[in-house]
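*Asks:* For the sequence shown, our numbering begins at 1 and goes up steadily by one.
Rather than coming from a laboratory, the hints here were simulated on the basis of the structure.
Fair warning: this is a prediction, and the values are worked out from it, not measured in the lab.
Beta carbons are placed, not taken as given, at the ideal position from N, Cα and C, and that holds for glycine.
It is possible that some hints are incorrect.
Restraint-style ranges between C-beta atoms, simulated for each label pair [unchecked claim]:
{"#": "1", "residue 1": "GLN195", "residue 2": "ASN25", "range": "23 to 29 Å"}
{"#": "2", "residue 1": "SER41", "residue 2": "ARG111", "range": "25 to 31 Å"}
{"#": "3", "residue 1": "ALA196", "residue 2": "GLU36", "range": "25 to 31 Å"}
{"#": "4", "residue 1": "GLU104", "residue 2": "SER41", "range": "39 to 45 Å"}
{"#": "5", "residue 1": "ARG77", "residue 2": "GLN176", "range": "38 to 44 Å"}
{"#": "6", "residue 1": "ASP143", "residue 2": "VAL64", "range": "19 to 25 Å"}
{"#": "7", "residue 1": "GLN176", "residue 2": "ILE42", "range": "21 to 27 Å"}
{"#": "8", "residue 1": "THR30", "residue 2": "ASP199", "range": "19 to 25 Å"}
{"#": "9", "residue 1": "GLN195", "residue 2": "HIS147", "range": "19 to 25 Å"}
{"#": "10", "residue 1": "GLN9", "residue 2": "GLN195", "range": "37 to 43 Å"}
{"#": "11", "residue 1": "VAL35", "residue 2": "GLU104", "range": "40 to 46 Å"}
{"#": "12", "residue 1": "GLU100", "residue 2": "LYS74", "range": "37 to 43 Å"}
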Amino acid sequence: MERNNDKPQNASLKAYESIRDMILNGEIPTGARIVEDKLASIVGVSRTPIREAIQRLEQEHLIVNKLVVKPEEKELRNSFQVRILLEGYSAHCAAMYFTEHDLESLSECVRIGRTGSIDEIMKANERFHDVIVQASNNPIMIDMIDHMKSIIYLFRRTVISHNRPFLIDEHEKIYQTIRARDAENAERMMKEHLQADLDFSLHFIK
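Build the full structure now, drawing on both the sequences and the hints.
*Replies:* Below you can see the structure in the form of structure tokens.
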């Protein structure tokens with residue numbers, strides 16, 4: 001069978017990406033119980049990579065006690081408090097260390113944010129923040145934010161699917177401030193941008 005030809009590392013990555021995407025796309029709803037045998041059948045791998053994938057998703061706080069996390073207000077606030085600090089400083093650093101390629105990527109993300117479909121906007125939003133984090137040139141900070149990516153994405157979907165006002169306008173202002181190498185204002189704007197995301201998301205937490 002095909003599953004026997006998969007290298008263990010590839011099978012584990014395949015399982016992780018498949019389960020994560022099913023959670024983030026709503027195919028596995030919040031509060032649902034994770035059943036290893038069922039997921040192994042769906043993904044087409046053995047139970048071992050499924051277990052490894054679940055462990056990784058537990059580290060990213062998408063799964064808790066074999067249940068898909070159902071974010072509550074306290075968890076949302078705690079996640080955003082950390083994110084505001086880290087991404088705010090990432091924007092500060094990005095304004096000092098950006099490359100022309102970084103600027104082109106940010107500009108393209110803003111363009112897609114104004115013209116794309118919901119799925120395209122979701123990807124462009126994620127890319128916008130990823131470019132800024134990577135441009136910080138701080139590997140420890142990049143790693144910390146990377147561990148938060150999945151839970152951040154879960155909240156980001158709420159923000160975009162409900163069409164938060166001024167979202168892309170704020171992205172464009174952050175881009176222009178980074179382009180001007182205005183580190184202090186880039187940090188301030190990113191923090192205000194994420195605080196607005198938090199305030200908006202809180203309306204949809206039940």
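*Asks:* Now tell me, hint by hint, if it's right for this structure.
*Replies:* Here's how the hints hold up against the structure:
no.: 1; hint: GLN195 / ASN25: 23 to 29 Å; verdict: holds, 27 Å
no.: 2; hint: SER41 / ARG111: 25 to 31 Å; verdict: violated, 41 Å
no.: 3; hint: ALA196 / GLU36: 25 to 31 Å; verdict: violated, 39 Å
no.: 4; hint: GLU104 / SER41: 39 to 45 Å; verdict: holds, 43 Å
no.: 5; hint: ARG77 / GLN176: 38 to 44 Å; verdict: violated, 29 Å
no.: 6; hint: ASP143 / VAL64: 19 to 25 Å; verdict: holds, 22 Å
no.: 7; hint: GLN176 / ILE42: 21 to 27 Å; verdict: violated, 44 Å
no.: 8; hint: THR30 / ASP199: 19 to 25 Å; verdict: holds, 21 Å
no.: 9; hint: GLN195 / HIS147: 19 to 25 Å; verdict: holds, 21 Å
no.: 10; hint: GLN9 / GLN195: 37 to 43 Å; verdict: holds, 39 Å
no.: 11; hint: VAL35 / GLU104: 40 to 46 Å; verdict: holds, 44 Å
no.: 12; hint: GLU100 / LYS74: 37 to 43 Å; verdict: holds, 42 Å
Consistency with the previously given hints fails for numbers 2, 3, 5, 7, ordered from lowest to highest.
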